[in-house]
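Visitor: As given, the protein sequences belong to chains C and V, one line each in that order.
The first sequence begins at 1 in the working numbering and counts up one residue at a time.
The second sequence begins at 1 in the working numbering and counts up one residue at a time.
Hint data in this document are derived by calculation from the structure and do not stem from the laboratory.
Here the structure is a predicted model, which is why all the values come from computation and not from measurement.
Be careful, since some hints might not be right.
Straight-line distance between alpha carbons at most 30 Å, and here's what the computed DSBU-like set of lysine-lysine pairs gives [claimed, not checked]:
id, chain 1, residue 1, chain 2, residue 2
1, V, LYS261, V, LYS229
2, C, LYS446, V, LYS203
3, V, LYS203, V, LYS360
4, V, LYS182, V, LYS242
5, V, LYS19, V, LYS4
6, C, LYS261, C, LYS184
7, V, LYS184, C, LYS182
8, V, LYS203, V, LYS229
9, V, LYS334, V, LYS229
10, V, LYS4, V, LYS182
11, C, LYS203, V, LYS446
12, V, LYS182, C, LYS182
13, C, LYS261, C, LYS81
14, V, LYS182, C, LYS446
15, C, LYS446, V, LYS446
16, C, LYS242, C, LYS96
17, V, LYS46, C, LYS184
18, C, LYS184, C, LYS242
19, V, LYS19, C, LYS184
20, V, LYS182, V, LYS234
21, V, LYS269, V, LYS96
22, C, LYS234, C, LYS223
23, C, LYS184, V, LYS446
24, V, LYS156, C, LYS360
25, C, LYS360, V, LYS229
26, C, LYS81, C, LYS96
27, V, LYS271, C, LYS182
28, V, LYS46, V, LYS4
29, C, LYS234, C, LYS360
30, V, LYS234, C, LYS182
31, V, LYS156, V, LYS242
So the chains spell out like this:
Protein chains: 2
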Amino acid sequence: MNQKIIDFRTEPGAYRHWKIEFDGPVAHLLMDVDASAGLFPGYELKLNSYDLGVDIELYDAVQRLRFEHPEVGAVVLRSAKENVFCAGANIRMLGKSSHGHKVNFCKFTNETRLSIEDASEHSGQVYLCAVRGTAAGGGYELAVTAEHIMLIDDRKSSVSLPELPLLAVLPGTGGLTRVTDKRKVRRDLADVFCTTEEGVRGKRAVQWRLVDEVIPPSAWNEKVASRAKEFSEKSDRPRDAKGIVLHRIERDITDTAVVYKHVRVELEKEKRQATITIAGPTEPVPASVEAAQALGDSFWPLAMARELDDAILHLRLNEPELGLLAFRTEGDGKAVLAYDDFLAAHGAHWLMREILHYLKRTLKRVDVTSRSIVTLIEPGSCFAGTLAELAFAADRAVMFSGNRAGDNRAPAAIILGAANFGAYPMGNGLTRLQTRFLGEPETLVKAETQIGATLDAEAANDLGLVTATFDDTDWNDEVRIMLEERASFSPDSLTGLEANLRFAGPETMETRIFGRLTAWQNWIFQRPNAVGEDGALKRYGSGQQPVYDRNRV
Amino acid sequence: MNQKIIDFRTEPGAYRHWKIEFDGPVAHLLMDVDASAGLFPGYELKLNSYDLGVDIELYDAVQRLRFEHPEVGAVVLRSAKENVFCAGANIRMLGKSSHGHKVNFCKFTNETRLSIEDASEHSGQVYLCAVRGTAAGGGYELAVTAEHIMLIDDRKSSVSLPELPLLAVLPGTGGLTRVTDKRKVRRDLADVFCTTEEGVRGKRAVQWRLVDEVIPPSAWNEKVASRAKEFSEKSDRPRDAKGIVLHRIERDITDTAVVYKHVRVELEKEKRQATITIAGPTEPVPASVEAAQALGDSFWPLAMARELDDAILHLRLNEPELGLLAFRTEGDGKAVLAYDDFLAAHGAHWLMREILHYLKRTLKRVDVTSRSIVTLIEPGSCFAGTLAELAFAADRAVMFSGNRAGDNRAPAAIILGAANFGAYPMGNGLTRLQTRFLGEPETLVKAETQIGATLDAEAANDLGLVTATFDDTDWNDEVRIMLEERASFSPDSLTGLEANLRFAGPETMETRIFGRLTAWQNWIFQRPNAVGEDGALKRYGSGQQPVYDRNRV
């Protein structure tokens, strides 16, 4: 079912499943899924159930609320349908999907939910959730992304995670982890909750910490409005600022390339490799933050981030056979650093803050992409500050030592910036350099003293910033052999290896969602008890009971 | 291949694969695998490769060193074979094993390795590893359990994790996690290490933090001896104390029961359930620590722990269809508390310390057992202190309120003891009660004020110690329905659910091994690229290259 290209670009005018209503500093994000508008044929999105297409719109809405609506301090997630909040991921869609599609769908859903929490935590745009009707499975998983959950006490509205009893899978897009880590539900009550089809309603939902308050129907509208207002008033977003417009990302897709303005992706199918080249800024930094805002979405850091974000999502869903991503850059490292400094200097400005957090999220998207990542640091590149993170996000970074014969561009260099020491924490809460140097904290200290220095291959290698260096004599052969070898390995084992090696150090709710919960769900997503012909995902709704292999493993 | 009963009971006289040599305060644990003595037919354990049988002996040796040899302060792990340290888990065995056997084999291996680290950390019996020859895959995973790794610098001895390139699986019994979390190897170097068949040797192994020192052949024997002596001298174990003997555990196995002295397991195959009943102490606590030691392995806490440990391992490997474990106790709660108090009072005595840590490890073994666990707290039971942990380790605990008609035993009670507030941390570093009350720390404080109080069903329920209470009218039906419902669910989804809900709160190297790494390995252990007819695990050694599906998921 993955024949057509899945396009992550959309805009409110094209939404089929969501509506946004504005009421001054409060926005209402209404789920109103068009059952007939599934991303693929073969299923109907009844009862506000969702597929990847619904989530693509949600992701777009969350992004636009941040960039286009500085005046919004609180967002209320709710359903536009009368008797249902959201029935979760569509089961027929899951039953028909390939393993790879299910996994990537869940990953994107997780990222989108984390972006909602990121808005609440970092952007002064706090999400509330008003649950009227059933919030089941993915519906409740969506609700728990909100900082405050209101449940109507109408004797029928409930929250539930019925995946296990109904479908023999987990509430695997963050649900289990948020129940334990965010809501801190007592483990035995969580066990009851996750094995009870009908879920929990009324006061018990508050007692069990599943929602924050229940509200009688008579007070519902008023209470939801007043809570939203209350949260919006705590926001530090500028009420009278004007947002910028996120225009449709322009790109040109051919068999061998995806070309954006600042990002170029070369597809080498026989090598199972995609090379992503990012062009550094060609314009000097704007004279003022107002001038930067006037550039809107053409301001380089934002434009580049949007293109990179789209490129990664495109590769994940549409090019599953390209198991290796090679990052390259072209341009002037000092110019990249100038943009970093500009963003840092104006970090208190709402738009610059949004851009910094978006860069952070985009780099995190790289971190959790299940492809081998190699960064190639060559003459003419600009691995400085923000772009140097691509070297530290990679499984390996190799650096060209000296010059290529006949190439008069500057030798390869890494320039560290302040941004490498705090602006872009990974999911584990540490910077990529902190994670890298967990075993040698003294190197981290030393690296920080080198901010602004142009580090050539030898210096970068001595500082532990790159995996290996090769000169002109060896570069082509060594890189070719490394990439060929990587491409020869089992993609599954690489996925497991990379998921483990990339996130050393502390765990957070976020790393747990991707590291522990995802892995268990992936395991279950292959088991015949779930996905076999007689398994629960396949038989759901057929009137036939699933047949289980009763052996524990 | 799992037809015969796997017996975890062994003793040095019966070892086929290990030798222990003693040199005063230093013991040498020599791996000398008998290739012809595999646990199952169909493979040869060449090159010190191992199967579950080899690990069962290792586990036994580690236990005996702690209990039988108080004089030993340092243990040197080494190979008795000339050119190989250990080639890791036997690949033909893995290729022929069922998914369930592979997973349970890896789990036990992980537990055994953690027990080695537990000895180093808590028991004053520090493990060193002396690597001469190849330490490949599971061989290196075993080496990194040691606190200090010595590698001979003979130009051929090396450490490696070749699982990924050779077998398309992960170094999944703790290897990856110890490389990042314990050895803190830089992530890109770890990536190179884990994808390089031939591994790393000599000084580079030290530079990459893979071993602690390399030693020239001329100094090898002397240096290994002096390092071991040095570590043993730091030990706080009593050099002139006498150990106790761990006698063979007596048990009687029938179709419907496994009966030990203090532990009785009833097997109800049609219900897919095993009921484990633990009898509290019948003798008063010994008059002195010397009297306790004189009891040897018949001292109740130790005897009970050994039987429970054996029962759980037996159920895991030999009764995979029994998906539900119900814990019961019988006896006098105050008597259990008296033993707890005795152990705590003499916690500085080497043997009492060992017993406390063994109880801790046994409870951890319950935590990571992939079976649903329900604790039934009934009249006549003794859920006090150490045994109350079985209520907090359970997915659910239900408690009988009041008396059964015609039963004049004491009503069900929970008695908290000091042991519930620190003696038995889970893998996450928190006690079970701390983990339980993450969302309501005030309840934890309140619970501690109730130490020693006899809490009836209502009081225990009010304190959040149990999931539900039922009186004589409802007990039989409610418990039956709960257990029947549990047994109706997909075992795989329950495994995933329980692995996620049981370990809220902080992550440690240990929770990561079981939670993240195991899940990824389990996933890979099902993928055709590893275990399919053309997969790497099946084709290894056949001369045929594996065939991979190149799609990333």
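Visitor: Does each hint hold? Answer for all of them.
Guide: Do the hints match the structure? See the list:
{"no.": "1", "hint": "V:LYS261 <-> V:LYS229", "verdict": "violated (40 Å)"}
{"no.": "2", "hint": "C:LYS446 <-> V:LYS203", "verdict": "holds (23 Å)"}
{"no.": "3", "hint": "V:LYS203 <-> V:LYS360", "verdict": "violated (39 Å)"}
{"no.": "4", "hint": "V:LYS182 <-> V:LYS242", "verdict": "violated (33 Å)"}
{"no.": "5", "hint": "V:LYS19 <-> V:LYS4", "verdict": "holds (26 Å)"}
{"no.": "6", "hint": "C:LYS261 <-> C:LYS184", "verdict": "violated (45 Å)"}
{"no.": "7", "hint": "V:LYS184 <-> C:LYS182", "verdict": "holds (28 Å)"}
{"no.": "8", "hint": "V:LYS203 <-> V:LYS229", "verdict": "holds (24 Å)"}
{"no.": "9", "hint": "V:LYS334 <-> V:LYS229", "verdict": "violated (44 Å)"}
{"no.": "10", "hint": "V:LYS4 <-> V:LYS182", "verdict": "violated (37 Å)"}
{"no.": "11", "hint": "C:LYS203 <-> V:LYS446", "verdict": "holds (23 Å)"}
{"no.": "12", "hint": "V:LYS182 <-> C:LYS182", "verdict": "holds (28 Å)"}
{"no.": "13", "hint": "C:LYS261 <-> C:LYS81", "verdict": "violated (41 Å)"}
{"no.": "14", "hint": "V:LYS182 <-> C:LYS446", "verdict": "holds (23 Å)"}
{"no.": "15", "hint": "C:LYS446 <-> V:LYS446", "verdict": "violated (48 Å)"}
{"no.": "16", "hint": "C:LYS242 <-> C:LYS96", "verdict": "violated (44 Å)"}
{"no.": "17", "hint": "V:LYS46 <-> C:LYS184", "verdict": "violated (49 Å)"}
{"no.": "18", "hint": "C:LYS184 <-> C:LYS242", "verdict": "violated (38 Å)"}
{"no.": "19", "hint": "V:LYS19 <-> C:LYS184", "verdict": "violated (48 Å)"}
{"no.": "20", "hint": "V:LYS182 <-> V:LYS234", "verdict": "holds (21 Å)"}
{"no.": "21", "hint": "V:LYS269 <-> V:LYS96", "verdict": "holds (26 Å)"}
{"no.": "22", "hint": "C:LYS234 <-> C:LYS223", "verdict": "holds (17 Å)"}
{"no.": "23", "hint": "C:LYS184 <-> V:LYS446", "verdict": "holds (18 Å)"}
{"no.": "24", "hint": "V:LYS156 <-> C:LYS360", "verdict": "violated (45 Å)"}
{"no.": "25", "hint": "C:LYS360 <-> V:LYS229", "verdict": "violated (51 Å)"}
{"no.": "26", "hint": "C:LYS81 <-> C:LYS96", "verdict": "holds (26 Å)"}
{"no.": "27", "hint": "V:LYS271 <-> C:LYS182", "verdict": "violated (36 Å)"}
{"no.": "28", "hint": "V:LYS46 <-> V:LYS4", "verdict": "holds (23 Å)"}
{"no.": "29", "hint": "C:LYS234 <-> C:LYS360", "verdict": "holds (24 Å)"}
{"no.": "30", "hint": "V:LYS234 <-> C:LYS182", "verdict": "violated (43 Å)"}
{"no.": "31", "hint": "V:LYS156 <-> V:LYS242", "verdict": "violated (42 Å)"}
In the structure shown, a violation is registered for the earlier hints numbered 1, 3, 4, 6, 9, 10, 13, 15, 16, 17, 18, 19, 24, 25, 27, 30 and 31, in ascending order.
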